[in-house]
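Enquirer: Please build the complex by placing chain Y on the supplied structure of chain V, with the hints as guidance.
What follows is the residue order along each chain.
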Amino acid sequence: MSFSHRFCFFRLLLAPCFLLLTGWVHAADLGPAETLFVDLSQQPDQRSLAAFDLCVLHPHAVADMEPGHARGARYLALLDVAQVRLGTREAVLAAARSVPSIPHVMNGQMRQVDCNAPNWIAWMVEAQIDPAARRGFDGFVLRLGDMKADAGYRRALLTLAATVRQRYPDKALLLDFSAGLDASASHVADGFLALGVFTHAGRAGSVEWTPVVETQKIARRIRAVQMQGMRVFAVDYAMQGDRAAAREAAQRLAVIGARPFITTPGLKGVNLGPLVEISRRVLVLHGWDERRAGRAAPEADVTATARILQEPLEWLGRDLDFRLARGLRFLPEDHDFSAVILDPSLCLDAEQQRVLAAWLPSLAARGIPLLLTGMPFTDEAARHLALRQFEIGGSAEIVPRLAKADIASLDRQFLTSKMPLVARALGFLDLAAPPAARIVLALRGADSLGHEHRFDQVFLTHWGAACLGSFELTAAQIDLPTFLASWLGESAMPVPDTTTREGRRVFYSHVSSVGFSSASTLPGFPLCAEVMRDRILNRYLLPVTVSVCEADLRGWLPGQQAGNETLLEHVARSIFELPQVQAASNSFSRPKHWGAGSEITSRLNERAQSARRDMEREIAGSMAYIHRRLLPVGKEVNLMLWPGDAKPSTEALRFCETLQIAQLSDGTHTAVGDCTVSSLSDDSTRTRPVALRCSFEDAHDSRGIAALEKAFDVCAGLPLHAMTAAAYAASVNDARATRILRVSDQHWIIINRGDCRTLRLPISAGVPDMAKCEGVSGYTTHSGQLYIHTLGRERTEIVLTSSQQPSRLHLVESSAQVEFMEITSRRAIFQVRSLRPVEMVFGGFEPHGQCSYLENGRPYTATANAEGRVHLDIACSATVSLQMQPPALRAAMR
Amino acid sequence: MPCFRQFALVATSYTALAVAIGWRLHANDAPQAKEADHGLSEIAACIHDVPAEVRPEAMCQLALLTNAEVRALQGWLKADSEQRLRRLTVLSGPIHAPSALNTALLFSEIDRADAVPADEAWLFVSAAGERLEEAHKIAALERIAARAAGEGRLDLALEIHQRVCEFPTAGWEKVLALVDASHAARRPAAALRVVQKRLAAAPVNPVPAWHEEAMDLQITLLLEGGRYAEAARFALDDLRSLKPGDAVPMRLLQRAVLATRASGASAEMLPWIERHLRSYPEHQLALTDIAGGKPLSATYRHWLRESASIADRNHQGSIACDGYLRLAAAGETHVLARLQVLAAQTGRSSELQQIVASLKQKLSVLEISQALAAGGATAQAREMLAASLANEPDHRAGWRLLTKFDVTLRGDASAGVLWMEFLKRFPDDVPALIELARLQSADAQPMQALRTLSRIPDAEFDEGTLRQMFALAEKVGDFSAAHRALRLLVQGQASPSFADIMALSALNMQQADDASAKVLTEVLAKLPAGSAMRKMAALPPIAVEAAVFSTAVEAK
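Same order as they appear, the protein sequences are chains V and Y. So the first sequence is numbered by the numbering used here: it starts at -2 and just counts up by one. So the second sequence is numbered by the numbering used here: it starts at 4 and just counts up by one.
Just so you know, the hints here were simulated from the structure itself, not pulled from any lab data. No residue lacks a Cβ here, since even glycine has one placed at the ideal position from N, Cα and C. Where hints are given, some of them may not hold.
Unchecked claim - If you only want the chain V side, here are some residues facing chain Y, beta carbon under 7 Å, derived:
id, residue
1, S392
2, I395
3, P397
4, A422
5, L423
6, G447
7, S467
8, G521
9, L564
10, L565
11, R625
12, R626
13, K632
14, D698
So here's chain Y without its partners, still in its complex pose:
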C-alpha cells in the first residue's frame, strides 16, 4: 500500500512538473521562458536521486516556482559548490527555507561528485538552524558521515555521528550507528560517553526498551577501551543496588561475570551466583537425587558450571568440588578428571566414587575412562579400565583403549612393544597393525613395517595404508608386496590415478604377476579408446615367475 502511495505521489509530482513546463511554454514564447524551463529541467535532474520522502513534495514545489525563483535557482546553480551549500544552509538561499525543495537541493548537494568536503559540509548542515528540519538535518549528517567513512576519514565520521546523537529526536538506533562508527575508528570511549549520557538521562519508570542493551554496551565499550576495573565496578554496583529479596537478573549477572573475569575479580561473583542458584528449585536436590536422574534445567546447569569454574580458578576447592560433583552426577563427564583432584583435596572421594558408580549405570566404563583421560587423568582412567577388563579378555575396543592409555603413560618409545602385545591378543586388529607399521617405519624398520602391513587382509586396506605399503616395498625391493599394494590401489579407485597405472605397468614389465596383469588389462580397457597413454601403459609384461628376494646391500 505505501508503495502504491509513493508511486502515486511521484507520478503526480512529475505530472505537475510536466504540466508546469508545458504551461510555461504555452504562456511564454520568449527566450527567457525557454531558459527558465531549461533551468527547471536541470534542477529536476539534480533532485532526482534525493530520498523518496522529500522528492515528491520538492517536485511539486519546483513545478510551482515563479520565474523569478527559477532565475534565482539558475543563478544559484552557477555558483561553486561551497557557495551553493552555504546558500542552502546558512545564507539566504535561492528559495525560502525550510521547504522540501531546499532540503532536496541540500541532499543533492551532499551527494554530488564535486561536493564540498565532508569536514566542511557537516559544519554547514549543523549550523543550518531553522532552515532545515531536525529529521532532515540528521539524515543529511548521516549521509555526510557515510561519505566521510567511505573516504577513510573515520574520525570525522565518528564526530558527525556524535553530533547526530546530540539531537533530541535522535533515537537509540543513532547511538548504535555511533557505536559502529566508534568501532571503525577504534575509539570506543567516544561511544561510551554517549551511551552513559543516555543511561543517565533514561527515565526510571517505565524503563526504556533499549536500557538493557545500553547497559551491555556500556560494559562492552569499557572492556574495549581496556577499562576492566571500571567495568567490574559498574557491574558489581548494579548487583549491589539490588534489594536483598530481589531476584538477580540473569543479564546483569552475565555482564558482571564478563567484567569481573576481565578484571581478575571473578571471586566477587561467587556470592551473587550462589544467590541466583538458590532461586532454582534444583538447587535443593541432593547429589543422590541428581544422580538418580532428577532433571536439571539448562540455565541452572549453566550457572552451576560458572560457579564451579570461578571457584576452581580462585582456589576455592570446596565450592568448586561441590559444583563439579553436581555436574558429574547430572552426567557431565568432562569434570571427572578435575574432580579426581578436588575430591581428594576436600575429602569427598567417597561421594565421587558413588557418582562414578551411578554413572556406570548410564555410561560404559570405556566412555567414563575416555572422559577421564581427556581431562588429563590418564592414570586413573587406565586403572578403572584395567579393573573392568580383568574379566573381559575379548573386549577388543577396551584393550585397544588400554593400550592407548599405556602408550600415553609410558611414552612413544614403548609404543611399538605395547602394540605388539596388543596384537598377540588380537592378531587381526587392523588399526593396531597400521599403527604398529607406522611406528616401525618411523623407527627405520621398513622390513618389519612391511611385514606388519602384509598381515592386513585385502578388504581392510585404505588408500593411505596401501601407498605406505608400496613405498615400503619399493624401499626394500619386495616385488610381491609392491604388486599387491599397487593392484589393490588401482582396484580400489573408481577412476584409478594414471601414475598408479603407469607404476603397475612398469612393475609388470620388470616382474610379471598374474593378478596384477589381469587388473592392468581391466583398467586399461577403461581408458579412452585409442588414447596414447593406453598404448603406453599396455606394453607387454615380462612373463616370468616372480621371486621374492632382498637386494638391500650396505655400502662399504
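Next up, chain V with everything else stripped away, as it sits in the complex:
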C-alpha cells in the first residue's frame, strides 16, 4: 500500500470515529418523499421515474436525473457494500487495492468482500460512493445483499455510513434494514430501506411469504426506529397482474408506518402499488387459427371491434390490444388489461372454446369486465360451461323457423335516437340475460309452430355486457360511449384527449399530394397546385400541412412529360414558402404496400433515376428530397402522410418511430364536402377534432374550389384551436403512450411527453384544485365534460375537489398554444405565437374583477364578467404579463 493510500485510509477511518464519538452529524433532508420507486435494472424507464418522489436505482443505471431534480425528486444509488460482480470496475479496484474477498457461495459471478478489512472503506468510497456521487445521485442506500449480518458487519456498515455522511453531508443516506441496525444509526443515516417485509423473492421469480414471527419482529423494529425519527421505506412483492395482492401488500406496509412500494421480485421497476397505474389496455380476442380453419383470419383493423368500438373506446381512454385466436395458448398469461372483448369474428374449435370457458372465471375474480359481441361457444360442453359462468338462460343457439320478432323491452338511456329501433329475426338467439342484468334491448319472437322465444340482445351485468345479434346493426342502435362507459364501470379517471387543446376543439388540415402536377380547368389551365396555392392557401391564415410526392415532382410517374420538373419544384417551393404551410411527405412514389421488402416502389417511367426502391427510400429519401430541394431555411419536414388508402406496415411505422417522424393516416378525417357549419358546430360531445382533408385534385375545377373555399371559410369562422397536422399526430401518439397513476379517488399523476396537453373527465368528477395541481394551466367545461389543460410537462398532477374554490387564476380557453413561464394564484406570464390574433379567456377572477396586463410591454386593463372571466385579444406574437386585481369599487374603497 502506497503512502498516499495509507494516508487516505487513516483519514477516512478517523473522521467517522470522531463523528460517532461526538455524536454529531448533519442530517440531509429527504424531502417530502411521499412515493417510493425501486428499479435495479441498468436502463430504467425514464417516464416511470417521473412519477415518483424517491427513486432507488442501480448505481450504473442510465437515467436522466435532471428533470426529476427540477421538480424536487431524489435519486438514490443502491450500493452493494459486501458483494462485487466479477469483471466490473469495482472488482478490478478491489483486486488492485488488495481488498480481501472470497467466492460467493451461491453465485459464481460474485465475490464476497471482507467488510472488516482495513482498506474496505477506502475501496467503497473510491469504487462505489464517489462514482455514484459524480453521476448525480442525491444519496445512497447501503446494502449488505444476501450476507448474514453479524456484529462486525453492522459495525463496518455504521462506520461506512459515517464516512459517507462526513464526505457528502448534503446527500441522503438509507441503510439496508436487513442488516439489523437499530436506532443507533440515526446519527449517520436518514432512514432504512427494507426489501421484503411480509414477502420475499422465492425461486424462479415467485413470491413467498415471510414467516409470521419474522414479520412481527420486523414490524416491531420498524416502529422502534420510527420512534427515533428515522424514516422507513419498504418494498414488498406481488406477481404482475395480481392487482388485489398488490393492493393488500401496500396496505400492510402502510399500516406498519413504512413508505411502501410493491413490485415484482426481480426489482426491475414494475410498479404494482401503492401508486396504481391504471391499465388502459382492452384485450380483443378475434379471428381464428389459420392452421385449423384452412383460411387466413382477417387483419385486426378490419374486425368489427376496430371499425365500430375503437373510436368510442379510445375516447374513453382505452387502448385496444388485438390478439388472434391462434393455437391452444391463445389467451394471455397475465391479466394486465382493464377489459376484454370477444369480437364477432372470433371462431374457435371445441378445444379452444373449452380453454376460453375455463378462463372466464379468472376475469370475474379480478373484476375485469367482458364484452360479448357474439356467441363463440358452439361446442356443447364449452357452451354449457360458459353459460353457467355467465348465468345466461336459454340455449344460446339460433332459433330456427322464426316467423316473427318484436321488441320486448328497451332502455332509452343507452339507445341512440339517431337510428330507428328494429327487431330482427336474422341471428335471433334463444338467450336470457342473468337475473340481475340491466336489459338495454330485448326481443321476443315466435316460430312457425307458435312457440315464443326470448332474446336479450343487449344487456349490462355483473361480469360485463353483451351486445349480440348482428353486431354492426345492433351497435348502430346503441349510444356507444354511454354503453361502453357503463360496461367499463370504473370510477372517473383523466383521459388523454386529442380533440381539445387549451379548451377549444382542435382543428388541423392537410393537403394530399394527389393531383399536384395535374392541369386544372381554370382559364389558362394552371396546375392544380398553383390554383390551390393562389385560391386557398394564400387566402386563409390557418395552418395547413401540404404533402408532396417526390416522383410526382420529379416527373417520374408514368404518363408525366419530361421538362416540367423545374416548374413543379418551383411551385412546391412557392407553397412551402407560405408561413402557414407545413411540409409533409406523401412518400417517394405513393406505394400501395409498405412491406419491409426491397421493391415496394410504385411503377415509375423510364426517366426515373433511383437505385433504391425500398421503404427507406420511400420515407427517409423523400423527406431528404423535400428538405434539401423544396423547403426554405427555417422549415423542417417532420410528418409522413401515408398515401391514399395504403395501410402502413408495422415495419414502416417502426421506421418512422426510429426517425422520430410523426405519421398520420390519410383517411380518417372530415372530407371537404362534409364540411358545413352545422356538422362542425361544437355543441355536442367532442369525439374527434375538426380535420379538413383535401388533395390538390380538389382544385381541379371551379366547383371543387368553391367547396374548398366554403370549407375553409367555415373552419376559419369557428372558435377552434388550429394546429399543424404534425402536432396533432404527435398528440395522438402521446395520448396512446400516456400513463395514468391513481394516488386516490380524486388525485392522479399523469406521465407523458407533453405533446398531449388535455385531460378529460366527466363534469361530475369535480373541478381541479389549482392550488394542489401541478403542471396544470387551467380548465373548462363543455357538454358534460371537464377539460383540463396541462403545461406540457412530462409529469402532471391532478387533484380534483368538489367544494367551492377560492378565486384562482386559470386559463379557460385559447385559440393558440400558450407557453406559460409562470402561473400563480393571481398572476401569469406567458407567450403566444400564432398566425392570427389570439383569443384567450381567463377564469378565476372575482365577478367584475379587474385584470391588468402588459402585452409586449404595453399596459392594458380588462374587466371580468359576472362569471369572473376575462376575454382577451392578444397580438399574433406576444409576451403577456397578467395580474388579477379586485373589482374597481373595492379597489377604490381600499
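Expert: Using the frame of chain V, we list chain Y on its own:
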C-alpha cells in the same frame, strides 16, 4: 486494359516493397533495421486504402526510402493527428514534397478514424501550397467535404466545395458538386455566385459545352433563392439580346417561360413565343387545314399550348381563343370547354361550331360531350348529347351519360329520380341499378335498395354489391335475399372467406335454403379434411321452407 495496367502496377509496387524489406533484412541484422522494417509495414498499411492513382507510385517510393527517412516517418507516425497533418501540409515533413508518398500519407490522414476535424483539415490542405499538386489538393478537399457532409456539417462542406471551385483546373463537374452541396445546405446563393462567375468568365467563341446547363442552373438557383424578378430579368435580357432575324432557341425560351411564370410576368413572353411559333411552317396553316387533318409537330403544339395558356391567364382572350381553336382543330378536346367561353367573348362561335362539326367526324358525340363536361361545361355537353340522342332511344351509353350530366346539373337530391327514369328506359342496366341502390341506401331506404339490387341477375353481381346486398338483407331481415347474397359471394370466390362460410352456415341453421345448402356442402368439401372449422361449419341445417317476411317494428 487499364485494369490490367493498374493490377500490374500494384503488383510491381508491392513486389518492390517486399524486395526492399527482404533486402533490408538481409543486409542489416541490427535491431534498428528490424524496427525500420516494422515501421515500413506500418506505413504501407496506412496507405493501403488511398486512391489507386497515387498508391502504386507511393508504394514504390516507400520501398526506396533510406533508413533515415524511415526513421523520420516513424517519428512522424508517433505524433498526434494534428501534428501529422501539419507536417504533411504546411511544415517540413518526414519526406520531401511534393511526392506521391506524401500525397498518399495525406489521404490516409484525412480518412483516419481519429483524423483532424474537417474544419481544420481543409485549412491545412488549402494552405499546402507547392507541397501538394492541385489535382490532389482538389481530391483531398473533396474527401474532407464528403466527411463534413457525413457529419452533418453541411455549411462547411459547401464552403470547401466553394474553395474547390476556385482552383483553375476545377472543371464543370466540380460546380455541379457545389450545387448539390448548396442544395443540401439550403444555400442556393453560394452556388449561384460560382455559376455566375463561371458564366462571366466563359469564352464567347467557342461556347463551352456546359454553357446552356449553366444558364439553366442560374435561373433555377435564382428561383430557389426566391429571386423571381431577377430570374425573369436575366431570361428576358437574354431574349432581348437576340438579333431580330435570329431564331429563338427553345431552351432559352423554356427558361424564360419558367422565370416569367414564377415572377408573374408571363405576359411578356407572348411576343417571343409568337416569334418562335412563326418559325414553324404549321403556323401558316388555316384552321380548316388543321381540322382537315394536316399534321402539327409536337414542339409546335407545345408552344401553341404555352402561348394560349399564357394569354388566357393574362386575359388576352383573342390570342388565347386563337391558340385554343388551333389546338381543338388538331383534336385536343380538353380545350373545348374553355373555348365555349372564349369563343362567345371574342365572337368566334361560328368557327368553334365548324371545328366541333369537324371533330364529330373523328370522334363520337359521347367523347366530345365528355370532354366538354370534364372541362366544366356540363350544360353545353348535355345540350349536345341530348340533341344527338333525340333520334337514338336505344343508345344505352349515351342515355347513361346524359343521366350523369343531369345528376351533376340538378344535384344529388334529384339523383334517385333521374336514375329511376333511366331505368324505365333500360330496366336491366346493372350499373344504374347499383347506383340507384347506393342512393336509396344512403337515403335510409334499405327495403327499396334491396329491392333494386334483387333485380340484378346472378351473373352480373360483383363482390362489393353482394356484400351491400347481404348487409341490407340483414338490416331488413330478408332471409331469401341474405341467402342469395351469401351463396353468390361464396360461389364467386376461388377461396371463400371463412367468415362468409360461417355466416352461410349460421343462416342455413336458422332458415334452410336448398341452393345454399348445396353450395355450403360443396365449399365445406374444399376445406382441409378433418379441420375443426369444417366440423363447426357443417352443423346440420334446419330443414324447413323459407318464408319471406318482414320483422321491422318501430319501437314505441
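Enquirer: Run every hint past the structure and note whether it holds.
Expert: Tested hints:
no.: 1; hint: S392; in the structure: 12 Å, violated
no.: 2; hint: I395; in the structure: 5 Å, holds
no.: 3; hint: P397; in the structure: 4 Å, holds
no.: 4; hint: A422; in the structure: 5 Å, holds
no.: 5; hint: L423; in the structure: 5 Å, holds
no.: 6; hint: G447; in the structure: 14 Å, violated
no.: 7; hint: S467; in the structure: 5 Å, holds
no.: 8; hint: G521; in the structure: 3 Å, holds
no.: 9; hint: L564; in the structure: 6 Å, holds
no.: 10; hint: L565; in the structure: 11 Å, violated
no.: 11; hint: R625; in the structure: 5 Å, holds
no.: 12; hint: R626; in the structure: 6 Å, holds
no.: 13; hint: K632; in the structure: 9 Å, violated
no.: 14; hint: D698; in the structure: 5 Å, holds
Hint violations for this structure: numbers 1, 6, 10 and 13, all remaining hints satisfied.
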